[in-house]
Amino acid sequence: MQFYQKEIQLPVFNRGYHLITNILLEALPELNKIKIGQFQAFIKHTSASLTINENADPTVRMDFESHINKMIPENMPYYKHDYEGADDMPAHIKSSMLGCQVQIPITQGKLNVGTWQGIYIGEHRNYGGRRTLVLTAFGI
Amino acid sequence: MQFYQKEIQLPVFNRGYHLITNILLEALPELNKIKIGQFQAFIKHTSASLTINENADPTVRMDFESHINKMIPENMPYYKHDYEGADDMPAHIKSSMLGCQVQIPITQGKLNVGTWQGIYIGEHRNYGGRRTLVLTAFGI
Amino acid sequence: MQFYQKEIQLPVFNRGYHLITNILLEALPELNKIKIGQFQAFIKHTSASLTINENADPTVRMDFESHINKMIPENMPYYKHDYEGADDMPAHIKSSMLGCQVQIPITQGKLNVGTWQGIYIGEHRNYGGRRTLVLTAFGI
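Chains as they are written, first to last, in this note's numbering: chain G, 106 to 245; chain H, 106 to 245; chain C, 106 to 245.
Note that these hints are calculated values from the structure, not bench results.
Source: prediction; values computed, not measured.
Note that the Cβ used here is the ideal one computed from N, Cα and C, for glycine as well.
Among the hints, a few may not be true.
Said to hold, decoys possible - The calculated lysine-lysine pairs, modelled on DSBU-like cross-linking and capped at a C-alpha distance of 30 Å, are: (1) Lys149/C / Lys149/H; (2) Lys175/C / Lys138/H; (3) Lys140/G / Lys185/H; (4) Lys215/H / Lys149/G; (5) Lys199/C / Lys140/C; (6) Lys175/C / Lys140/G; (7) Lys199/C / Lys215/G; (8) Lys111/G / Lys149/G; (9) Lys175/H / Lys185/H; (10) Lys215/G / Lys138/C; (11) Lys138/H / Lys215/C; (12) Lys140/G / Lys215/C; (13) Lys215/G / Lys149/C; (14) Lys199/C / Lys185/H; (15) Lys175/H / Lys111/C; (16) Lys149/H / Lys140/C; (17) Lys215/G / Lys149/G; (18) Lys138/G / Lys185/G; (19) Lys215/H / Lys140/G; (20) Lys111/C / Lys175/G; (21) Lys149/C / Lys138/G; (22) Lys138/H / Lys149/H; (23) Lys175/C / Lys185/G; (24) Lys140/G / Lys185/C; (25) Lys111/G / Lys215/G; (26) Lys175/C / Lys111/H; (27) Lys185/C / Lys149/H; (28) Lys111/G / Lys111/C; (29) Lys111/G / Lys138/H; (30) Lys111/H / Lys138/C; (31) Lys149/G / Lys185/G; (32) Lys140/H / Lys149/G; (33) Lys138/H / Lys138/C; (34) Lys185/C / Lys111/H; (35) Lys111/G / Lys140/G; (36) Lys138/G / Lys199/C; (37) Lys140/C / Lys138/G.
Unchecked claim - Some residues of chain C that are not near chain H, with every Cβ distance over 10 Å (derived): (38) Glu112; (39) Gly121; (40) His123.
Excised from the complex, chain G in its bound form (with noise of 0.2 Å):
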């Protein structure tokens, strides 16, 4: 049985979707160690998301920023946790519905995705900063 793991910062993201799964792949080499595993990619923030989509087309991305936005709107007249800026409640909502974390399959040592699949860091603040990751890598 091995297991790695490793906390990582990213860069600084505007606020949308991005392709990180280089970034990731490139801070856990030891993965390719493992033949049978599973891989975890965590985010440390609730403003913040992460989450598994196309990988090619950037309009996809755009896309996502402008549906995601008329879901979870800015301003609406219920909110009451409103003090850290108009964006910081919908941030939160976003992060619950796209989730904080991706649980990948390894296999012969290659994350065992699609062709078109890459991992998305959904930056929900305006300002959001660096975010933290734990990635985790276990199997045989």
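Position chains H and C against the provided structure of chain G, taking the given hints into account.
Positioned in the frame of chain G, the structure of chains H and C alone reads:
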């Protein structure tokens, strides 16, 4: 390799979102023995959910209830599954949108979460009763 | 420590939500050998999803389709990613909202789920074709 598992029943919670991090940690103290690993809480129901979000200001949990009720309302004219009460079908959709499990890295015997992250139960029924969870921790 | 993994192709499903619990269990019978562990199903696509919900009344799955189509509609004026058909961009958003994987505790050789819980595939395309899944089970 260590593997611990336990099934627990939560106290009854009102409809809404509630912090349960401490209840879970007290139920599975063996988590302290794991240096690198993962912890999972899984809820055995389809009208409640588990998610991770802000653990300090109770108005965040109130705003979750307000806005998610608006995204997934009761009494939509196209709902066919209505014989268990108006709160039932929205509860099912909320459960799948938020998810029925959280999977969290363990580092040096502790959940490796951010300062502001706590585990929420989302109770989506008006009278959901006691909910059963399966807690699993594993690692080296 | 035991670790089993298998890649499978599902039959073609119509757009909507479908129970696949039995297909998955039959594909990975080694799950029966695990006393304490976890099972994961991971879908290698970005326009379909996996989630856990009510396994008895088919109207729940119909209401999922009706309401999630309303939350994430086709032909929004701000969608830029439209060259793969009107159903494609909503399918991507649905996939991230519901998730591309389920991770379930194993207890005494069985999935430790509630009586009413089943595993759904959400097929979000009109003609999605056969979908590929990676099944992983591990434990002691």
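Hint check:
| no. | hint | verdict |
| --- | --- | --- |
| 1 | Lys149/C / Lys149/H | holds (26 Å) |
| 2 | Lys175/C / Lys138/H | violated (47 Å) |
| 3 | Lys140/G / Lys185/H | violated (46 Å) |
| 4 | Lys215/H / Lys149/G | holds (14 Å) |
| 5 | Lys199/C / Lys140/C | violated (34 Å) |
| 6 | Lys175/C / Lys140/G | violated (42 Å) |
| 7 | Lys199/C / Lys215/G | holds (26 Å) |
| 8 | Lys111/G / Lys149/G | holds (13 Å) |
| 9 | Lys175/H / Lys185/H | holds (19 Å) |
| 10 | Lys215/G / Lys138/C | holds (26 Å) |
| 11 | Lys138/H / Lys215/C | holds (26 Å) |
| 12 | Lys140/G / Lys215/C | holds (24 Å) |
| 13 | Lys215/G / Lys149/C | holds (14 Å) |
| 14 | Lys199/C / Lys185/H | holds (21 Å) |
| 15 | Lys175/H / Lys111/C | violated (40 Å) |
| 16 | Lys149/H / Lys140/C | holds (18 Å) |
| 17 | Lys215/G / Lys149/G | holds (24 Å) |
| 18 | Lys138/G / Lys185/G | violated (49 Å) |
| 19 | Lys215/H / Lys140/G | holds (27 Å) |
| 20 | Lys111/C / Lys175/G | violated (39 Å) |
| 21 | Lys149/C / Lys138/G | holds (22 Å) |
| 22 | Lys138/H / Lys149/H | holds (26 Å) |
| 23 | Lys175/C / Lys185/G | holds (26 Å) |
| 24 | Lys140/G / Lys185/C | violated (39 Å) |
| 25 | Lys111/G / Lys215/G | holds (17 Å) |
| 26 | Lys175/C / Lys111/H | violated (39 Å) |
| 27 | Lys185/C / Lys149/H | violated (39 Å) |
| 28 | Lys111/G / Lys111/C | holds (27 Å) |
| 29 | Lys111/G / Lys138/H | holds (19 Å) |
| 30 | Lys111/H / Lys138/C | holds (19 Å) |
| 31 | Lys149/G / Lys185/G | holds (24 Å) |
| 32 | Lys140/H / Lys149/G | holds (18 Å) |
| 33 | Lys138/H / Lys138/C | holds (25 Å) |
| 34 | Lys185/C / Lys111/H | violated (48 Å) |
| 35 | Lys111/G / Lys140/G | holds (19 Å) |
| 36 | Lys138/G / Lys199/C | violated (34 Å) |
| 37 | Lys140/C / Lys138/G | holds (26 Å) |
| 38 | Glu112 | holds (22 Å) |
| 39 | Gly121 | holds (13 Å) |
| 40 | His123 | holds (14 Å) |
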